[in-house]
Structures are given as structure tokens and as C-alpha cells.
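Please arrange chains B and C on chain A, whose structure you already have, making use of the hints.
Chains as they are written, first to last, in the working numbering: chain A, 1 to 331; chain B, 332 to 666; chain C, 667 to 930.
It is possible that some hints are incorrect.
Unchecked claim - Partial selection, computed: residues in chain A whose CB lies under 10 Å from chain B:
1. Ala-197
2. Phe-200
3. Cys-213
4. Asn-221
5. Leu-312
6. Gly-314
For the record, the hints were derived by calculation from the structure and aren't laboratory data. Yeah, the Cβ is synthetic: ideal placement off N, Cα and C, and Gly gets one too.
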Amino acid sequence: MQLKHTVLYALLAGCGAAIAAEPPVIGLITKTETNPFFVKMKEGAAEAAKAGGAKLLTSAGKTDGDNAGQVTAIENMIAAGAKTILITPSESKAIVPAIRKARDKGVMVIALDSPSDPLEATDALFATDNYKAGVLIGQYAKAALAGKPAKIATLDLLPGHPVGAQRHNGFLKGFGLAAPDAKSNELGKAAEVVCMADSFGDRAKGQTAMENCLQKNPDINLVYTINEPAAAGAFTALKSAGKEKNVLIVSVDGGCEGVKNVGAGVIAATSQQYPLKMAAMGVEAGIDYARNGKKVSGYTDTGVTLIAAKPLPGVESKDVKTGTDLCWGKK
Amino acid sequence: MLGQEVNAAPAAAILPPRGWKEKLPPLGTLGPFLALLLACLFFATQNDRFLTGENFSLVLQQVMVVGVIAIGQTLVILTAGIDLSCGMVMALGGIVMTKLAVEMGLPAPLAILCGIGVTALFGLANGLLVTKIKLPPFIVTLGTLNIAFAITQLYSNAQTVTDLPPLMTWLGGTFRIGGTSVAFGVVLMLAMYLAVWFWLRETAAGRHVYAVGNNPEATRLTGIATERVLLGVYVLAGVFYGVAALLSVARTGVGDPNAGQTENLDAITAVVLGGTSLFGGRGMILGTLIGAVIVGVLRNGLTLMGTPSVYQVLITGILVIVAVAIDQLSRKGGN
Amino acid sequence: MSANPKLVMQAKGLVKRYGQVTALDGADFELRAGEILAVIGDNGAGKSSLIKALSGATIPDSGELLLDGKPVHFRSPIDARRAGIETVYQELAVAAAMSITENLFLGRELRRPGFLGNVLRMLDKKRMLQESITRMQELKVGIRSMTQPVETLSGGQRQCVAVGRAAAFAQHVVIMDEPTAALGVKEGNMVLDLIRRVRDRGLPVVLISHNMPHVFEVADRIHVARLGKRAAVLDPRKISMSDAVAVMTGAMPADSIPAECLAH
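Just chain A, with the same shape it has in the complex (with noise of 0.2 Å):
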């Protein structure tokens, strides 16, 4: 009798102290609202909490460079209970501070797709390699070329930003051309590299980008681009000039638009990177945290793949099915 009812009262305990157990609660700031990419993060995340029973707050700056959007999110999230922040920096020095008032908190700090300035103001970084994103296309676009002098144009994000000197370099140095390495934020030259414009990743500034490149140089064969918007620009401004058919396009992203277009032909190929997995890990790591009290630290590759309609052999590619099946955006 006596150990039915200690074993009684200790289930009933058990079960108290589960339930009375507060849910981890986490944070996701976002640089904006809207864009799929960051979309994407948000169902990632959302669906990492359910499964492991966390509280997820969201939040995000205004427009992409809104800093103090992010930091009054912080702000807020830490004062609802969050012990982990998981933020996509729109201003990878400027955030610095506030993280560090967070961390100084006993918050836990993961930067998502974009590294804080210095690396090590947050606690870890959960990111694509943009360098390796790059290699990747420029070793697709070599084997494409198969020996073919190559004229090539740059279709860059704009002055001084690191991820788009990571895919630019990455891409110079797959395709087999001296490169400056991962931690520059210069972007390289080379002799086969006729034109350099940026186009903001913007559809209509990558269309007129390309236009002045081609009037520049006529012949250019191959085109790397910043994102697949640009890539979609540049493709419009071939198509006026007649040229679609003799230029090889290649990009970085593999949203589901994107990988639309691989299929249709107007990108060559494209790096996927996977924002769910960014987020969907950032949401695991806050919940051991708060459970078990362990943070992650460095960087954590979260992976990217090269998507191709034409396969090359060389050249590890997936096809356009399974770039659908992973991309981030509306299918």
C-alpha cells in the first residue's frame, strides 16, 4: 500500500513539474518580412518549435539595412523571456552592441545566413558557405564551357558586401582563376572578366547591368550572377539582344522562382541554400540551451547544393525535381 502511494504521489509530482516546466522560449529576427528567403526561415522555425515544444517569437527590421528595427526587437524579445535570439543582420557591425547587451544577459545569440562583424559577437553562426556557393557554380560553368575562351561579366550585389564578394570570389576560383579567398571582401579581378556591374540584386538593374555589359563587350559568354532576380534581369536583356541561346547563366539561391528557371533554361545553374535548415537548427540549439543549458558556438555549415538541369560529368549536380522539392518560396 504504502509504495502504490508513493509511487502515486511521485508520477503526479513528475507530471506536475513537467507541466509546470516553462516551454524554451526563442526569438527570430529577420532582416524583413517579406521576402521568401526569410519566409521560408520563419515556417522553418515555427516547425522546429512545435516539434520541440519552444515558444517562438518573431520579429523582423522594416526594410533590408533597418538596424534599429532589429535592435529594438531584441530588446523586446528579452523582455518577453527569450533566451535564445536567432537574427538575420541587416547591419552586420551595427547590430554588434546591442547582441553583446544580450549575450551579457545570459541570451544566447545565433546569426542566421549572415555573419555579425566581428564573427564572434554572437555565440555561433549558422550559415551557407557563399564562398563554396560559388566554387560550386564556377566549376559547372568551366565544365559547361568545355575549354571555350570565356568572356565572362559579373553581375555583383553592390560596393563592399561580404556575401557578395564570397560568391564572386568563390566563383572566380571554381572556375579555375586566381581569387582573392573566403575572408575578402574585395571582389576579384581577372583578365577574362570583361565587365563588372552591380545590379542590387534587382531584376530591372541586372537587366540594364547586363545591357551596358554587353554593349561593352559583345561577345560575353558567360554571366555569374548575385541572385537569381539579377540572373532573371540579365536574361531579358539577352533575350532583346538575341544572344540567349550562346550565354551560359549561373546564380546562387535556388528559390523555388529560381529553380523555375533552371528548368525553363534561362539559368544554367544554381546553389541552393537552405534557410529552413538555418533556422530549423537555430530553433534545436535554443532548445538544448534552455534544457540543458549548452550553447553552440563557431560556424555551422548548413549546406548548399549545386542544381542543374544538364548534369556534367565532373561536376556533382542534383536535378531540377529535387531543387523543387527543397526550395524556399511559394512552389
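Structure of chains B and C alone, referenced to chain A:
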């Protein structure tokens, strides 16, 4: 009688102007044209592909969207106002017309009219807030800028709209004059500039726009309905943003919810570079066209030279300051 | 002055209250053909309220207003303008960046005849230029070019443009509110000359002014406003300037004014 002064001379009261020097347009209007000329001469020496008909046709296509937005912006700035919402309203117009055509199956002309109708409505909202509620244009259009952006993102679900009916992208097509292909959209832009130039110069309604910008109280006292003039200007600007949306759709071939983000400031830059005063009441519409072309020429010329684009930003910034300084100085000197 | 001078404008018993303050307390007013009538009064005497009622800027609570013997009711300055009353305001009501011709015709632009004017709404700039030259020549205003922007003119010249505009379009009355207030001596005299010429061309002028020397220089009669009423109408040729000021401030009560100083 006290003080019979100099001007009591009756016969020679009205004298003819002083000669050709006085007939020249003031520095504020000649300046932009000279700047464009100099830039073109410079780039022509750097790359022999610059000074071709094909290249110029390209530059005009590249600036035609901002160029048309800047027509509306010029009208607003002439009334001593400013419209920060222009780019976002244009993007909304583009999304509305493309979605209506592609998803609702509306015939292209009707969808286009609806898109322009939406942008005109935003112009009306801006105008009403400025004239009836008497809020400063800067604040009003800052608000409508955000509202337009949000509606665009929500309505489009952040997706670009593709597979447009050919009638919608027709203005992006070209025809040949001699050896050069000219885009229909560019012709439309030039025609609109000429029409507005005529309206501002030769009609009473156009002159009233200048009068309201220069001295709204004096204008009101002459019996002109200044509120109606202002309202009309904002609505007309909205219409131009809608036409710009059509040109943007025609050029890129899609409805892009992220279009127009830098066009806000690009349009204002074109207006300022073209010699129109931000204080209102002064300026030329054709100057705005030159201002828009200057930016396009800089971008094109520097790319042809292989110069990093950061220099384009630098030079544009310097030119803006020079343009505003010239405007200020020429006013102080009673030019 | 003829025995029964023609009355161009007349007001009887105008009353205007703003809350507790009575600005016009049964004010009378008479403007005769071919005269310059100066209106003087201390602050709060009802001078500006009187003028606002005459120019349509305010609507009096009671009393009547007659133009050429016929009763009129102005609901806005535009009504007054349509009735042929032009007002030159204290603040310079010109668009400085626009030319003199444009300012003269602002709000009353001439259009070209036929298709160009009716359908394209084109302005007849040649005709407007001609007319502005003619009008300014009639008023003997010396300005080099009608196409130069108003801001290139001196203050006095600008005011002449404003006065010239009013004189050019007025059919019955020209009202001027402190036209020489912001001007120096030379320029002020320029404007006074112009005011005289306006009168000589047959337009009566109502001149509000604080500047006694100017008033005594040009006025045919002086209307003194005091405490919301008309205190007296003086003859500037007979009364001295200091006495006129005394009447205005109330130091000399109206009934003690010698008869020959009053205007008949």
C-alpha cells in the same frame, strides 16, 4: 510735389531687352544641358562604343521608367511639395495590372487602366491629405509610401507575375530608325515630356502650377482655386506613376513587387539635376528629362570604361549638390 | 467739388462682432467718384474690419453696402472682384518668379482665338504682353521689360506692378491697404505718383495708411475711423496733420473740429 523720381519719364518707359546676353536662359536652365554634353564628350573619348545610336537608344530605355515617374515628381515639386511614394505606388500599379491580366483574365487594356486607376487613386489620397487636412507633403507621402509597399507585398504574396499577355509588354518592343532600334516606350516617354512641356508653358492651368508653387497666398488672392490646382497635380502625378508602371512591366516582362525601391530617390535626383527648385515655382520639365538621362549616361559610360560603380554614386552625389547650389546662387543674385 | 458728388460706394451702419469684441459698431462710409479717400485710424479702431467688409474678405453681421447706388452682398473677395473692386494687399501679392505680364494677368489669362485657344487652351502671350505694356504706359510706370521676373524689380517697382494690376482691371474701386508701408522714401513717392494717376484716369481709390505725410500728400478727403464708427471726414487742405492725429486718437473729439476742416 515731393520726389518726382527717375521713373516718371513717360516716353521711354518701356525699353527693349539688353540684347542677346539677356535672351540666354539663366544658368539654372542651361547648366544641366551643358553637364550632359560634357559627360557625353568625355565618355566618347573613353570608349568608341559610347557614341553610337544603339547605345543611346539603350540608355533611353534604361531611364524611361524613372523618366516618366520624374514627370509626376516635377509637377509636385513645382508646387513646393514632394512625393516620396512615387516608386512604391508605381510598383503597386505594376502588380495590379499584371495580376488582373494574368490571374483574373482581364483583357490587357482594361487591366492597364485599372493599374493606372489605382496609382491615380493614391495620388488623390496624397492630394486630399495635403489640401484638406493640410499635412506637409513630406509626411503624407512618407506614409503612403509605406502603405503602398505593404499593399504591394500582400497582394502579390512577394511573387513576381509572369506570362504576361503580349499587349502588355508591347511598349518594350522596338522599331528601327535607320540603323538604330528605338523602343516604343521611349517614344511614349518623349511624347509625354513634350505634352507636359507644352501644357506648363502655354496654358493657364500650367502657369497656375508655377504660381501656386511660387506664392500660394498671392495666387489664391487672384481668385485661382489653389486647392484644386494642388489636388490636380497630385492626381496627375499618380497617373504618370501608373504609366511608368506599364513601362516597367513592358521592359522587364514581369510584374515585380520589389520594383521601384530606389526609384523614389532616383526620380527626385533627376528633378533636382534638371534645375527645378525644391522650393517650388521654378524649373523646366525638359530639365528633368536631361537629369534622368545624365544618371543613365553616367552609369552606362562608367560601365563601358570598366570603372567600379561606386564612382557613379559618388559623381551623382556631387552633381546633385552642384545643381542645388547653382539654384540657390542664381536666386540670390536675382538672376 | 460739385454740390452733389456722385457716390461710387456707400456703407451704412455696418456691424461686425468677433465674439465679445465689436469691431464695427454701426460704421458709415462714402466714396465719391474721382477721389482718393484715405482711411486712418488707430489700432482697433475698426479700420481693417471696414476695409475687409468693403473688399469682401469678411461678411458684416448687419448693415448695408451700396455700389453705384445698388445694394451688394459680397461673400468672398472673388465676389468683390467680379463687381469691379480691386484690392492691393499689404503683403506683396505677386508671384516673384513669374514675369510682370504673367502677374498682371494671373487668374484672368487671355486665350488665343479659335481652335488653339478653345481646344488646346493656348495662352495669347503676344496679346497679354501688348496689353500689359499699354496699361503700364498709361499709368506711366517705367519698367524695362514686361517679361522679366518680378523679383528682379525693386520693392517700389513691385508694388507698382501690384497697383498697376489693380488699376488695370478695376471697374469701380481700387482699395489699397498700406501700399507704401514697406518702402523707402524714393519708392514710396513712386507709388504715390502712381496712385494719383490712377485717380486721374477716373478710378476712385480707398487708401488705408498709417503714414500721415503720404496721406496728406495724396488724399482728397480723410475718413477717420474710431471705436468701430466713422468719427469724421476731414479736409487735408484745411486741417493740420497733428490735429488729424488728435481726432484719430480721440484727443480732439469730433464735435470740437472746426467746420472748415471737415470735408464737404
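How the hints compare with the structure:
For Ala-197(A), the shortest C-beta to C-beta distance to chain B is roughly 5 Å, which falls under 10 Å, so the interface hint holds. Nearest Cβ of chain B to the Cβ of Phe-200(A): about 7 Å, under the 10 Å cut. The hint holds. At about 6 Å, the closest approach between the beta carbon of Cys-213(A) and any beta carbon in chain B falls short of 10 Å, and the interface hint on this residue holds. Violation of the interface hint for Asn-221(A) is found here, the shortest Cβ-Cβ separation to chain B being roughly 18 Å, above the 10 Å cut-off.
Restraint check, Leu-312(A) versus chain B: the minimum CB separation of about 28 Å is more than 10 Å; hint violated. Taking 10 Å as the C-beta cut-off, the interface hint given for Gly-314(A) is violated, the closest approach to chain B being about 32 Å.
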